[in-house]
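Novice: Please build the complete structure, drawing on both the sequences and the hints.
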Amino acid sequence: MTWASDSGVTDVRIRRSLVGPLGPSVFTFSDLPAAGEYVDSSIEAGQTYDYTIYRRTSDGNFNPSDLLRLTMPGLASPVDDANVGIARFPNDLTSYKGYCYFTSGVSVPGLWRSDGTASGTKLVVLLDPVKGVTPAELTVAGNLLYFRTGDSSVGQYLWSSDGTDTGTRIVRQLAPPGTSDTYVEYSDFIAAGDRLFFSSTPDPFSETRTLWTSDGTEGGTKPIEDVSLYVGPYQGPGTASPGKPSPIVSGSTLCFVGTTPAGGVELWRTDGSPSGTSVVADLSTGPESTQITALTIINGTVYFGVGGGSAGLYATDGTAAGTRLVCTSPTGGPTVIAGTGLGPLAGKVYFGTAGNALYEVDAGGGSAVLRLGGVRTDQIVGLGGRLIAALDGSLVTITPDIVSTLSALKPIAQPSLFKRVLYRVGDKVYFIDDTRLYRTDGTSAGTIFVANGAPVFAELGGRLAEVNGSLFYKATDVNGSNDQLWCVSGTAPIAPDEVRAIADPSTPVAALSARYMPAVGTGALPAATRVQVSWKDRASTETGFYVERSTSPDFSGPTSNVWVNANAQAWTDPAAPTTAYYRVASMNAAGVSPPSQVVAVTAPASISGRVGQDTDGNGILAPSEPGLANTQVFLDLNGNSIRDGLDPVVTTLATGAYSFANLAPGGYRIGVVTPAGWSPSNNISIQRTISVAAGQNFSADVLIRRSPSIALRASADAYVRDGSYAATNFGSASELHVRKNTIAGNSREAYLRFDLTTVGPSSGLTSAKVRVAGKLSQALASGVSIGLFAVSSATWTESGLKWSNKPATSATALATRTISATGATWIEFDVTNYVRQQKAAGVVTVNFAIKAIAAATPWVTIVSDEATANRPELLVQQSQTTTLPPPVSPPPTSPPPISPPPTTTGATKIKFQPASAPTVAGYMVDTGATYGTRNGRTYGWTISHSDAVVDRNKNTNQLLDTNVGVKAGARWEVAVPNGTYTVRVGIGDSGASSQNNVWIESANLFNYVALTANTFSSKSITVTVADGKLSLGVGGAATGVTRINFIEIT
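Residue 716 in the UniProt record's numbering sits at position 716 of the sequence shown, with consecutive numbering throughout.
Quick caveat, the hints were computed from the structure, so don't treat them as lab data.
One thing to keep in mind: the hints can contain errors.
To be verified - Subject to a maximum C-alpha distance of 30 Å in a straight line, what follows is the list of computed BS3-like cross-link-like pairs (lysine-lysine):
1. K97 / K222
2. K1029 / K802
3. K769 / K954
4. K954 / K806
Said to hold, decoys possible - Ranges of calculated distance between the beta carbons of each label pair, as one might list FRET restraints:
5. T572 / G355: 53 to 61 Å
6. T980 / A262: 44 to 52 Å
7. P202 / A629: 44 to 52 Å
8. P918 / A869: 26 to 34 Å
All C-beta atoms in this analysis are idealised placements derived from N, C-alpha and C, irrespective of residue type, glycine included.
Specialist: The structure is reproduced here in structure tokens:
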């Protein structure tokens, strides 16, 4: 608080008393200066205080001032979730679907959300680290949340999200990976209707930027042609060019300052389409530019300031005919403009100028009237029926009597610390004085501290977000070292977690509310017996209030009542039932008023327990059985046994403990995200619905056990070949070859790696077998003998393994098999003892080599992990207990039948090649023609690629010897019925290196995969077609870098 004293006052004392059921505590502060400021840091959120200043004069007497009553808003608290990760350094705070969404500047590159509590602050989606540079520019357009990620090293991407993990996807790659010299900046995100707009520039010193628009699809995300966004001369990092206003939104139209070589700088409009993009009015003919200094919208009309020789305020409806001069500006172009359509200021427009003057003019036009001179106007905000202006050293409200006075809202004690930036959120305005956050509704009484929480340093970068009546903002912690996300409730008349009812107008009692209070001394779960009842008083003649409580809504059940002093407008019920109903009446000299409407309150419930290992399999979690830390437990709200994006989720502590608090009474099903290698026990809580009553803390342990059988896919596989192929890598091949031959270049060996992380302890391992699907390349009566050998080295890689660098193997085979069949069959190698030894030694991965025992003409072909079925596996059988049972030989198990090769019935298979190249049986030919009907199908390119198809004559496999080098921005399309399809694409160039970026519909199949000459890769993906065309594109890749051999659609 601040004060000033008349002459003769030597010092002051302040007396503070607490009003309400907890009062009257009295505190006295003495020997304060005769004029100054005092910050009371010991007050509590939500309480009401009376302050009296006593002025001591030279005669030693103290004279009291008028009483000042203050009601403190809710206490701000830091939001952090130690269960998920550090949500520090938050940015881009955005209100979306009832939560505050934000990004975190440390540790976890992802999208976060918060409901204002630690348990309700969660990582929505962890982004792919390759593309997951911290998101930025969170913006809601339509029903989607957009953001961008990336930098010059990984490329830049536009994303959209529906607020869930599964609903977060890449819309388009905006720029491919490059270097710092090729970095393009994407910023200025803004929504107009359902469309997103943003800008880009490769040169921060440029006066212009490229304007983009997006409808949420890859094809609909593109630059707006023929006009550039004008931003003015470069002013330094993070500094906007003075007098160059940001774009504004009018309905679904974006208004912006644009420039063209022929028309210079003018005001433009766009709805994102070519036909909807046009100059509003050419105020300076030809290539001459108009100096636009400010831009805003008031009651549906766009107002903009013009400087230079035509200085004045203009208005427009978006057309040249509807653009008019409102008034000339005597002291330069308007720099800030505001107005309000309500109250006594309706029909007026106010603007400040660079000449330190504030003017008023009728919205319909006329002469500008000087209202204030000699003071810089930094910002004006329309709020209800009044305007709020940030001036040098003060914050004022503009009223009809502005001719004679400006009503001061907040005299600033230290003008150099006043940030002069107003932040409007809904129907409130926020600002910073020094390091404190204030809120104002345009009145002196309504200009108050937002919270008694953390200070706010500098400007409110990262935005403010008001969600369900709670304010989220970014501030430092008490040590001033870390930015944190803070939340203060109670910014609305009634806090969102309160149940409220508005009283009948005949009673002075209004806004009655009731809520369970936290248990004393715990700060944790609400107590089942303490309810705070609060209300507002419409009159000032009451002598007291009469509070009634009942167990029935019509007050026919057991009822109790209490008399509350007139100074109090709150009462805490110390012995409330789990469900209670309250009503309040007031009393004055005329008697007791009618009661207010009834408000109901029900005690919240909770569910807690442990996630633990059911080591003995009895379905009961004993204290001695270990818990599982860092395991996600969720409330399966829709009963689909899947953790959806909005299911409440917690992560277990080191002991396996978890807890869900503040639950409404009802039925809940507990779900657990079982770690790999674990499965639910037969008798656990997640198999039934738990019903919790009001105020009940239900205990539910979740039991899981080691999975009895695990099929591990190979984490890496490749084969090597000697002779002239010794330096060739075959890691992307769909087959592994095994052969021993006396002719150089014909010997081949296969290598496999399996990750043992999800396998239990060695003591519980009962069986381990390597299983592969293989056959002979040609018949041989005696068959070919092969062996599985141990490999001690784990440093080889799938993409780097060659004959010239292959690791050494064990001298003898762990197991051998003889292969005689020319049709695919399962081949098993028992490696139980070896895997058990490696697991006991703490080895993380096991590595094997398959080699031929003796020389032979045929070779063994084995299906690799790159195939779609019958991949190599390590089959592990393990006990679900922690002790090894007596040795029992497991009964022989028949391996599953070899899956047949994928059927091509009804498939569309197309090979890209010149018309002169040899064809491949079963494949139609695409010679680069544009979209049209041919070969009984309708397909082709959006632009001709007849000059982009090549036949290299470098590879004997004709399917791989031809390709098409896709042009930038082009798409290949094929007409198909709407539905779901599996698409396989082959990439690579037999005569040159390639860097392949392939998109199928809106899914990224290959993300800039680099291949050397005569190396190839293929991959399949399942997509859904809804527009009758299946499309293939290359995102933002340059012309010719992506080389496609074929496409198969089933």
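Novice: All hints are to be evaluated individually against the structure, with a verdict given for each.
Specialist: Now for the hints, and whether the structure bears them out:
Proposed proximity of K97 and K222 is supported: the alpha carbons are some 27 Å apart, at most 30 Å. Among the hinted pairs, K1029 with K802 is inconsistent with the structure: their alpha-carbon atoms are about 42 Å apart, more than 30 Å. At most 30 Å may separate the alpha-carbon atoms for a hinted pair to count; K769 and K954 exceed this at roughly 41 Å. Between K954 and K806, the direct Cα distance comes to roughly 27 Å. Compliance with the 30 Å bound is thereby established for this hinted pair.
Between T572 and G355, the C-beta spacing of about 58 Å keeps the proposed range 53 to 61 Å intact. A beta carbon spacing of about 49 Å between T980 and A262 agrees with the range 44 to 52 Å that was offered as a hint. Here the CB-CB span from P202 to A629 is close to 47 Å, well matched to the stated 44 to 52 Å. Distance hint check for P918 and A869: the Cβ-Cβ separation is about 30 Å, which falls inside the suggested range of 26 to 34 Å.
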